[in-house]
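**Q** Spelled out from the first residue to the last, the chains are:
There are 2 protein chains.
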Amino acid sequence: MPRNDNIPAPAVRRLSLYLRQLELFHAAEVPTVSSKELGETLHLSDAQVRKDLAYFGQFGQAGVGYRVPELIARVRRILGTDRKSNVLLVGWGNLGRALVSYRGFAEKGFEVAAVFDNDAAKIGRTVSAAAQLRVRPVADMPECVQALGIRLGILAVPAQAAQAVVEAMVQAGIRGVLNFAPVPLHVSGDVAISSVDLAVHLEQLSFQLTTGTE
Amino acid sequence: MPRNDNIPAPAVRRLSLYLRQLELFHAAEVPTVSSKELGETLHLSDAQVRKDLAYFGQFGQAGVGYRVPELIARVRRILGTDRKSNVLLVGWGNLGRALVSYRGFAEKGFEVAAVFDNDAAKIGRTVSAAAQLRVRPVADMPECVQALGIRLGILAVPAQAAQAVVEAMVQAGIRGVLNFAPVPLHVSGDVAISSVDLAVHLEQLSFQLTTGTE
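Chains A and B, in that order, give the protein sequences.
For what it's worth, my numbering labels the leading residue of the first sequence as 1079, then goes sequentially.
For what it's worth, my numbering labels the leading residue of the second sequence as 1079, then goes sequentially.
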């Protein structure tokens, strides 16, 4: 399957950061920004900003900079978040509940449209009364993925169940998995996995405190 | 306050990844690894691995590679996670509950030793019966930070409360904050903030799926 391999992963990651920053400028009713202004708040040089955005086409105008609403729309289109995406979630524990109500997802165009768990005590429970969403058994996943056109899934099950569940997700047609289980996952085929290792962030903070007092 | 500014942040981030990988090698009872083996699983060149580790001193031996248990111990020492660290958590909602039971923290040496919330209905609730841990009011934070020697805090409150709470954390003596609220935080002084924007991960997956089908 063809991929845009020419764009380095760090540039794609920075695209999300540019988008956050642009949304803040937009909320503050700033109409245009220069690459210098966009980079400053993220501690990046203006050259870096221009280089990153150049991977995706020409955006700015000399002497004017970037028009904020226009650049927001184009970055969202590049990221594929210009339209609402249905995502599914597996694992109706504390983390699953927190993720379903996480405001950041909906704001960025992701809607949790289906929730699965294999615990009989959880199946049938109400996730969202407004959305008429209930916890469904994992066996319903393939049918649901197809009916709702879901391609992204969030994995929030305990570590020991994660590998079996991710295989079921891939079999059901999921192409991208956001993994919260603190274990490495192995999938065959063309499936993207992004693992969130929350302890890494604490380690990084710990390092900063260590060097800060040496 | 002096900081080790010579070490680029990406190298420090990769240190956490090396540590994960080394722990997997150790679990598989692999006694030594080469920089090539260590880099391969992370899609990094052996030169990159050697360069990163060289920032922190000389570790490997020509022809032998790195002794896995020794390198694990040294990386943990560098990160400041060779001893157990007490951390506190503010916000006893779904996310807070999920984080307290997140296995990955304890595995990496972080123990949630105090939990705070300002909701009268939550204060006094049992967090962990084994650890005799109960939810305490935010006003107790300064005393608790001092008594338990806590320097790292996890912020898991709603977005609209985050700024006020982070200020209370800093005032109480917290020097590093892991922020889950999807808002930018402003703190004065020498406090490190690491914000976890979960939607960024979904955006990155979304981008990979978009380019995968173009």
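Since the hints were made in silico from the structure, they are not lab data.
The model shown is predicted, which means the values in this text are computed figures rather than measured ones.
Among the clues, some could well be false.
With a cut-off of at most 30 angstroms between alpha-carbon atoms, the simulated DSBU-like pairs for lysine-lysine come out as follows [stated by the list, open to error]:
hint, chain 1, residue 1, chain 2, residue 2
1, A, 1129, B, 1129
2, B, 1114, B, 1129
3, B, 1114, A, 1200
4, B, 1129, B, 1162
**Q** Determine for every hint whether it applies to the structure shown.
**A** Tested hints:
1. A:1129 - B:1129: holds, 25 angstroms
2. B:1114 - B:1129: holds, 12 angstroms
3. B:1114 - A:1200: Measuring from Cα to Cα gives roughly 46 angstroms; hence the hint is violated.
4. B:1129 - B:1162: holds, 29 angstroms
Comparing the model with each numbered hint stated earlier shows that hint 3 is the single one that does not hold.
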